[in-house]
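Novice: Let chain W serve as the given structure and place chain C on it in line with the hints.
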Amino acid sequence: MPSQPSLNWSAIASVACVLGLGCPIGSTQAAERPVSFVNDVVPVLTKAGCNMGTCHAKAGGGQNGFQLSLLGFEPAEDFEHIVLEARGRRLFFANPDKSLLLLKAAGQVPHRGGVRLPVSSPGYAAVREWIRQGVPQDAANSPKLIGIEVDPKKGSLRRQATQQLKVTARYSDGSMRDVTDMALFESNDKALADVTESGLVKVLDLPGKVSVMVRYQTCVAVFNAAIPLGAPVPTLPPEKNFVDAAVFANLKDLGIPPSPVCDDATFLRRVTLDIAGRLPTEEEAKAFLADKSADKRDKWIDELLQSPDYADFFAGKWTALLKNRRDDESDTVSNFAFHAWVRDSLLSNKPYDQFVRELLAATGTVIGNPPVAWYKRVKEPKEQLEDVAQLFLGVRMQCAQCHHHPFERWSQDDYYSLAAFFSQVGRKPSGTRGEDLIFHKRGMATATNMKTRVALKPAAFGDSMLAIAPDEDPRLKLADWMKSPKNPFFAKVLVNRYWKHFFQRGLIEPEDDIRDSNPPSNPELLAALEKHFIDSKFDMKELVRVITRSNAYQLSSTPNKDNIGDRQNYSRYYPRRLSAEVMLDSIDQLASTQTDFPNLPAGTRAVALPDNSYNRTSPFLRVFGRPEGQSVCECERVQSSSLAQSLHMINAADIRAKLAHANGRAQNLANDPRPAEAKIKELYLVAFAREPRPEELSAALGYLNEPRMNAAGQKVDAQKAARENFQDLLWAMMTTKEFLFNH
Amino acid sequence: MNITRATLAGALLLGWATSACAQSVGLPAPRLLTITPMGGKVGTAVEVTITGEYLDEAGDLIFSDPRITAKRKLDAAGSPIANHYAVTIAADCPPELYEARVMTRLGASSSRVFAVGTLTEVTPAKPNRSLATAQELPMNSVCNGCLAARSVDFYTFSAKKGQRVIVDCATRGIDSKLNATVVIGDAAGRDLLVERRGGVLDFAVPKDGSYSIKIHELTFKGGSAFYYRLGLWEQPAGTPIVRQPGTKTVNSFSWPPVGLPQQAAQTEVEPNNSGETAQKIKLPCDISGRFYPAADVDFYEFEAKKGEEWWIEVASERLGLPTDPAILVQQVIKGEKGTPDKLVDVLELSDIPSPVKVSSNGYAYDGPPYNAGSSDILGKLAIKEDGTYRLQLSDLFGGTRSEAGHIYRLVIRKAAPDFALVGWAIHMELRNGDRNAVSKPIALRGGATVAFEVVAFRRDGFDGDIELAMEGLPKGVTAHGLKIPAGQSRGMMLITAEADAPRGYANATFVGRATVAGQAVTRPCRLASVSWPIPDSWGEIPSTRLLADVPVSVSGIDHAPLTITPKTPMIEARVGEKVTVPLAHKRTCDFSGNKIHMKAIGAGFERAPGFDLTVTDDASQVVFDLKTLNVPPGEYRVSFLGGGVAKYRYQPEVVLAASVEAESKKKLEEVKSLEAEVKKVATDAQSAPPEKKEQMAKALAAANAKMKAATDALTATQQQLTRAKQAAQPKDIVDIVVCEPFTIRVLPVEKK
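Chains W and C, in that order, give the protein sequences.
The numbering used here puts the last residue of the first sequence at 743; the count rises by one with no breaks.
The numbering used here puts the last residue of the second sequence at 752; the count rises by one with no breaks.
So here's chain W without its partners, still in its complex pose:
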């Protein structure tokens, strides 16, 4: 039994009032009114945690055979389970206190869930009263919950402040009820603020934006709070575009002074890593640092966006999300073709709406039309809708297959209506095992709600479509709906995803979980990015351009005394460890070596690998978290640190082999007749895109000039010593945070 939240019984005491058992409010006359199962009993069970997915709402019959619907979304079913099931043994009308339901909940008989409703609690009293009244069922015309409101809706809170929230439910008969004590509260960022079960928001030390999701039965409301730091913001970097305007306005509002714009070397390395997934070369670094033109940063961004490196890097990102996974040798051709299609689409800057359209409405053969390969990986309509919803619309629909979405307005009808778009995907066998030809199968598209058995026509999140003729591929209609400028999801999720790519944190987190109850940290910025993206006709390179040209992106990662705690408002660049592929390529670049990947040409870079199969032969890629293409979530890529990573950098055979490679940089530098200073400069330019500082130069020189002794204390041959010294220097640089992180 997982741990359950402890209950605040003093708060729940007021439930008696809610039930009209003690202190009526609102317009409802309380005296002796019948207890409503839906409005009075189910909320008690929900607040007490009885109907959580880990307890009695567990799939497959519920805990110990007592099934409740998840979070009480199906009261009619709950009534049946409680009252009629198990031959009525759960209730004892002659003596309600002896009802198994109450005995268990109050812990008077052994209950693995512990005490959920103490005998003295109002919740207990409510359920007891319902049983005493003979378990009345709600009449057809009994009041229905139609909404909840939280008060206040938003606010600006000082650090360490508290704010009590009040939740009011509105019913179909016009009545209102304070349901604060029965509602559930959840903070979206516990580092900024926490919230108690009774709705008391406690702000912590960090400044930023936080929201508290309030749930009561099927309804959701949100309290948004700004937590200003309140520090003076005397100067802000110049605003280069709307991104800067929105980011800096937010910082000003919150009183968080940003770090200054970073230097050229930092910018060059950062943007090259972020756009092209590689380090700048020595020549590029030299040229950029020497360039005195005012627009050299903008020009470099354009240069990177033109390069195939951009396409290679982002193709790796997209193909992992699109599950380009090799499970069998027969996947090879389709994986290469699919990866190449993504890469070529990015290289030619295919508009994003067209890219998605070609993917989700793909037909034909994999060789003739590579996005068909997606249908090889994602075979069932439910997987198709779930992946499309999460990846391209930022909506996680998985829950709604079986029940109403707990945090959202999506119902099972929404789920199956979305599935209906994929119901006419026809398949014919191809010559390759496991691979089908995909075509539109003529017919009326419908999908049956597994619960109601009603066949539903295609509809996207409540937006019904004009009738789709049997000859029309509904997927094309879905693509049309997506690209509409009015679509509230499509552009938003992409700009948020890309924002996160460059800023390490999405304006909405997680980046693919867009919902009313998870508001963005900077709504104005998100809206502006969305509009810009739509206005640019879904131009992905332009999106990258506008983001990276901003001074907000180009801020230094070095914090000042005020913004050191900021993790959310982009007051400085948040450093991030290089991803597995980029790090491997960077090490190769620094060591002047190549990693050999099976059956690929020598010199193939890790960022250009077409699928996950190379993880098997590369411990490096595995250890540093390269994804396996199992899910549409970016979270599959592991960016955290581990002991294994440290050990790998310290002692792995591949790292040692790269350092000691006969044609590697260490060997070449050892043989190089240039003065040591020049060689150290080369190393710094390659590794960090900057020249060494005087103290670094002298430390490196000192090390290189140290006599090298063998185990017997004898001087090592000069050539060997030089080689080993350079290997050590390379290795030391390779393991610095400055190298391993983009900063």
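To be clear, the hints were calculated from the coordinates, so they are not data collected in a lab.
Please note that the accuracy of each hint is not assured.
[As the list claims (entries may be wrong)] Over the 12 Å line for every Cβ pair with chain C, so calculated as not near, a few chain W residues:
hint, residue
1, His81
2, Arg158
3, Gln306
4, Thr332
5, Gly368
6, Leu466
7, Pro488
8, Ser536
[As the list claims (entries may be wrong)] FRET-style restraints, in silico, Cβ to Cβ:
hint, chain 1, residue 1, chain 2, residue 2, range
9, W, Asn349, C, Val242, 29 to 37 Å
10, C, Pro271, W, Asn349, 27 to 35 Å
11, C, Pro271, W, Gln306, 46 to 54 Å
12, W, Glu80, C, Pro353, 35 to 43 Å
13, C, Ile333, W, Gly174, 49 to 57 Å
Glycine included, every Cβ here is placed at the ideal spot set by N, Cα and C.
Specialist: Just chain C, lined up with the frame of chain W:
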């Protein structure tokens, strides 16, 4: 599956299902695998090198057109150099693809495409696997290249701003295994234009300068089978691109219908993308159109009368395009008093199914890899009411693809019954991944009968008998067709070489004959073949195509392991009687086990039970019960088909030849004598006075060199002998055994 197919499968499966994995599949067959370069320029001579399997004693290189001729290349001593030929392409040889074959000990090899073009031919002299070592290509040239595994080939070319440059890489269309990725890049090799689907690159040159072309296999596979002809030419603006020629897909045998003009009478007129804008047409019609842009649907509207029958045929996939046409015909019932028109579905048409089950390309062989069906359309529209009809034509694969080249031809006609034929060598239905033997040239061993499956594409309701015939065969070769019975789609052609048939080659004629609407009609039967022998079907899908001709050859040296012949070519019997067919067996090698299972083939007799034939006997007899088989009066061509495991010896004559052994001995003697000479010179050199030291040292070096050459020659001869001995060891090989066909004349019951 009809009876023919089931019989064939049963006959071939029963004998070997459990034991097949232990032995090789298919007797050795000569296969020409590569010819380098892969083509030449009209009116020039080109030296080519060939490689292949079982090309021993390779002789003449034969082309499918007499305007291309080849002579063996000779060394300085006037002896032929193995596998090298000088090919001459006559000035009047049209630029096209031709079949090349080499005559070998086992007969004519399988075919390899040889391209004849008009561009300057280039063959890279050295590896060009980096930009630094890129091969420079002149404009208007074609380069014969071959990709190594894990490699990228680099080329450069110069172009001027505003030029329109075409880069067209022929690969699959010239029998290569290459799925090419072709990239035009800038001088630094950075990608500008990429093509991975076999399309052409149409490049508008942005500025004067040097450009690069990179080419690699999609998955970076490579080897001698991954060759290409990379065409680079300047194309005048606004003119259509004519790509390098390619072979035809198997299912294109059924297109076009006989007599269809080259150009359609009409073209589609856009906008016709909705019912309201439907293009008005009159039946019959012949329209060319295209599925363009993405999700294009073309609507046509016509009037038709009750009782009319129209045949609708669409070709698009059979034109070599990756399309899947679909048609919906609806009757338009005009709405009254301003109400909208009502549409009533009348007919839906999609794929043309293959008359035979196509291989699933799994591990087990469960059908031929040749697809005689198509994703095109052929169907009948029967009009039940006078009225207006609307036909909509779309590409089920075209929802998101905007390819202007995805064209179609729509023909709606009154019934014009006809047929088209395609045939291929049969293979055994085995639980074995070895598909080498599917690559089967008609190279006959003495005494062998080989079987070809023939499939008919019946057009517009034609369902009569189709008789099969082959003419123009080499000396000593006969061919007998097992007809395609009325209403069915499959027949067979059995080709037999007499035991002592001389070595020979002929380009035969293969036809089907039928009576259509009272007229005798003859149609060609095209042959289909796989492009490559495939040892492991799990890892590779066979690539198939139509052959340009029907080459039949005879080994004249090798013999069939088992020859089964009827003792009399014609047997008469009356309806309801039992017929005994006496058979003679002749073995040229041992078999694994002494029985092989066989079944009758040929219309009317396929339901006869199978039987075990004792291989070790010299004769046997098979009895048919005409009563059980319920065979009506008529003449029936019948044969028996089965399979056995022969203990086959390859080229035993090499081992037996005294000359090889003698040569080896002679070389050994030579080496021994040289050894003694070297020893003597060495001793002399040691004791030589100082002034002669240098001279003696030279003599010793010369003797050593001579010795080394002789040792190498000895080693080569011995290795050759060892290889020949190994090859000539009896090896278990499972293969098809076919009896020479015979005729059973069934007479009516004698009236008393």
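Novice: Next step is simple, just say for each hint if it's right about the structure.
Specialist: Checked hints:
The beta carbon of W/His81 is kept farther than 12 Å from every beta carbon of chain C, the shortest such distance being approximately 46 Å. Residue placement check: W/Arg158 keeps its beta carbon more than 12 Å from all beta carbons of chain C (closest about 54 Å). With a cut of 12 Å on Cβ distances, W/Gln306 falls inside the contact zone with chain C, its closest approach being about 8 Å. At the 12 Å boundary, the C-beta of W/Thr332 falls inside the reach of chain C, the nearest C-beta of that chain being 5 Å off.
Against the 12 Å criterion, W/Gly368 falls within the reach of chain C, whose nearest CB is about 4 Å from its own CB. For W/Leu466, the condition that its CB be more than 12 Å from all CB atoms of chain C holds, with the nearest at approximately 14 Å. With 12 Å as the threshold on Cβ separation, the claim that W/Pro488 sits away from chain C holds: the shortest Cβ distance comes to roughly 24 Å. Residue placement check: W/Ser536 keeps its beta carbon more than 12 Å from all beta carbons of chain C (closest about 21 Å).
For the pair W/Asn349 and C/Val242, the beta carbons lie near 31 Å from each other, so the given range of 29 to 37 Å is met. Judged by the Cβ atoms, the range 27 to 35 Å given for C/Pro271 and W/Asn349 holds: they are separated by roughly 30 Å. In this structure, C/Pro271 and W/Gln306 break the distance hint of 46 to 54 Å, their C-beta atoms being roughly 38 Å apart. About 52 Å separates the C-beta atoms of W/Glu80 and C/Pro353, a value inconsistent with the hinted range of 35 to 43 Å.
Distance hint check for C/Ile333 and W/Gly174: the Cβ-Cβ separation is about 52 Å, which falls inside the suggested range of 49 to 57 Å.
In summary, the numbered hints that this structure violates are 3, 4, 5, 11, 12.
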